[in-house]
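A.B. asks: What follows is each chain in one-letter form.
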Amino acid sequence: MTAVPEAPAATQTLVGIQGVSRRFGDVTALDDVTLDIRQGEFFALLGPSGCGKTTLLRILAGFETPDSGTVTLDGADLLARPAHRRPVNLMFQSYALFPHMTVARNVAYGLEREGLPRAEVRSRVAEVLGTVGLTTQAGRRPDQLSGGQRQRVALARAIVKRPRLLLLDEPLSALDKKVRAEMQLELKRLQHEVGITFVVVTHDQEEAMSLADRIAVLDSGRVQQVDAPVRLYERPSTPFVAGFIGANNLFEGTAAGGGLSVPGLGTLPAAGGLAAGTPALLGVRPESVRLGDTGDLRGVVADVSFYGGLSHIAVRVAGHDRPVLVAEQGPSRVHAGARVGLGWSAADAVLIAR
Amino acid sequence: MRRPGLLYVPFWATYVFLYTPIVVLVVMSFNAGDSPYTFEGASLKWYGELAGDATVRQGLVNTLIVAAGSTVLSTVLGTLLAVGMARYSRSRLLDAFGLLPAVLPDLVLAIALLVFYAAVQMTLGLHSVIMAHVVFGMAFVAAVVRTRLSHADTSLEEASRDLGATPLATFTRITLPTLAPGIVAGALLAFTLSIDEFVIAFFTAAPTEPTLPIVIYSMVRFGVTPEINALATILLAVSFTVVIVAQRMTRLTESFR
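From first to last, the protein sequence lines stand for chains C and H. FYI, in the numbering used here the residues of the first sequence are 570 to 923. FYI, in the numbering used here the residues of the second sequence are 194 to 450.
None of these hints come from the bench; they were simulated from the model. Even for Gly, the Cβ is constructed at its ideal location relative to N, Cα and C. Among the hints, a few may not be true.
[Stated by the list, open to error] Reference excerpt, derived from the structure (chain H facing chain C, CB under 8 Å, subset only):
id: 1; residue: 284
id: 2; residue: 318
id: 3; residue: 346
id: 4; residue: 349
id: 5; residue: 351
id: 6; residue: 352
id: 7; residue: 354
id: 8; residue: 355
id: 9; residue: 356
id: 10; residue: 357
id: 11; residue: 358
id: 12; residue: 359
id: 13; residue: 362
id: 14; residue: 367
id: 15; residue: 371
With the rest of the complex left out, here is chain H:
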């Protein structure tokens, strides 16, 4: 088949549009000068500054704790929610309510959670951010797993029961393994969403325990510095790694199908 050369132009133009700002950001993070806008020679100076910045380090640690904690909880609860919705309920309304937190505006969720925490007189801290992130993370995991479940062959579970497996054995040995690619994809989604989530964290975090996006926000208020560029570049590298790992893992688990 002959390749339509001209049609490649918009294709590549789209990539250029997508990635030019990111390339500029990465280049500027190696800037030797103090200005974030003009390049004055290459240097790793800002990465050094970053490493010495205790506030940023603390923010990063907090973010990782929140992301890891909320991912684990979201994955477990979201998977159970999806299985429950698919196997034990025929209500479309319950379905919709289970997935709603994924599409609810962050601001609404943030205010609702803050009001709720105040009403039950809960102290704010990393735990409150984790719980807040579980609310939407769980919905995302449930949505992904649910899709996989609706394509799954229910006769596999029947076959398992037919061969003498108890309902629990069927769930752990048949249902979970066939859902694995969906569960992994959902977990990675929950993790990446949690890591850069700002609005909800901003409302539900204690002022003494800011997550990385909050730290960045407070730094940017006094103007963008090349240090921010360096930080963004590191985050970019992490995201890329996660995406590539995710792709590899889903391909691995897909091959079980």
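Extracted from the complex, chain C is given alone in its bound form:
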């Protein structure tokens, strides 16, 4: 096992995934996936279940082999090494703690397999248990711990090996809401502290958005977009990402000068360099839509929901099959049945080729 360098260069590629495909019978789990994961970053693989993200994770861990493509770690072929010889550790969704061992023995297991001297194993186990705040639980067995504590053990067991790459499979999915928020912060703090590159697999976009430096959105085995959370939200580059990430109002039409021409609705404002006549999708976030007496679209308020800090207003627009969602700060000024105008500035809307 190699030690983690003190100050990882932020833009250096750690893992290079090139043209990786994997089929299970008729099902294509991964279809020509190409990704770069950088040294020291918190990277998320996000997608609905069955999108292939777990298969990719298992390929990195060494439990699965791609049908084609290459994976390198620090420039060296990773696929040639069996799972137990990779400087990569996985935190399992089920945690997979060894039930017949105490917390301390679970954490020591990986170090003992490396044949490290006992004294070093002891001190590193004590150190990492301190980091995750489980020093007092060292002598317990996994079934005597709470869900949150079990997860800390799983995390400690993986990071004590000081891997080059730490994989986390749906790390927060088994926790209840309160513990989840706590662990989310904790994961970020830890990643910063230990300086290990984290790759987290999740279907929960909020989890990915709040944790990751960069997110790769996967659908049906294909990479849809790789970007920082804010860019992914503001500038989705494929129809799938536009519909998958966050709430969005989507209109189908063809690109025209200054926006999107939608049959029956006219031309809606949007910025974007698509050639006129290109079939396209316009996406505008609920918080970017303005309610007023006039606007590019006119409709009737169908429903108002108040969420404390903000209100969601659904407006039915003739000629559009789904209500347009508008988010406003504070309680809504309009009521169901009111006739309203809707508008947004061209800069807030995205045009995506279909």
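Got chain C; can you put chain H on it based on the hints?
C.D. replies: Structure of chain H alone, referenced to chain C:
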């Protein structure tokens, strides 16, 4: 919750049905008279007779050797068979063939083994009985361990590999300990099955080295004596002890889960 009193009647009746013959047997083993059917006062006379009977002692020793030997072999082979079936084969046919000896009629197995031993010109003795008992004992162990394996979490083995353990270390440190309750249960099953197995032993034992069930059989041919009752009572005590120990041990190992 109110207990339905009337429903207790069939419950207890079943226990009475199960245990009356056994209670009669135990009582009769302390009979002072010579008849196995009429009680003529309490005595330990027949236990004394039993202790002095060299044939019975020899049978008991033989049985213990066979049971111990076949249990050890069955447990090792059966566990490996179960792991192999679960992890390295997807063939349901191989699965079925691995477990078949457990349900095959004893008589079929006994005749097959005898024919086989004759064909390879093997001498009969305790070793041939041990091997015969391994054939079905292994299948029972494999069945029990297999069930446990199918409930086991494969991510534990993956986690072990992920943490740098070689396949061998993973097997000895993770797979075996998580299977321990199943292995113990399988071993005890193999042991109790071997101890009172008659048909297969009868076919595969040398006439000079009979196991206890064969000894009992030859004694009963001349009529049931109270000595047999005493012997049966001792066997009963042994079985009870084994069952209770087994329960305790599985509870102990279960707590690891």
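A.B. asks: For every hint, state whether the structure bears it out.
C.D. replies: So, going through the hints one by one against the coordinates:
| no. | hint | verdict |
| --- | --- | --- |
| 1 | 284 | 18 Å, violated |
| 2 | 318 | 41 Å, violated |
| 3 | 346 | 7 Å, holds |
| 4 | 349 | 5 Å, holds |
| 5 | 351 | 6 Å, holds |
| 6 | 352 | 4 Å, holds |
| 7 | 354 | 5 Å, holds |
| 8 | 355 | 5 Å, holds |
| 9 | 356 | 3 Å, holds |
| 10 | 357 | 4 Å, holds |
| 11 | 358 | 5 Å, holds |
| 12 | 359 | 6 Å, holds |
| 13 | 362 | 6 Å, holds |
| 14 | 367 | 6 Å, holds |
| 15 | 371 | 7 Å, holds |
In summary, the numbered hints that this structure violates are 1 and 2.
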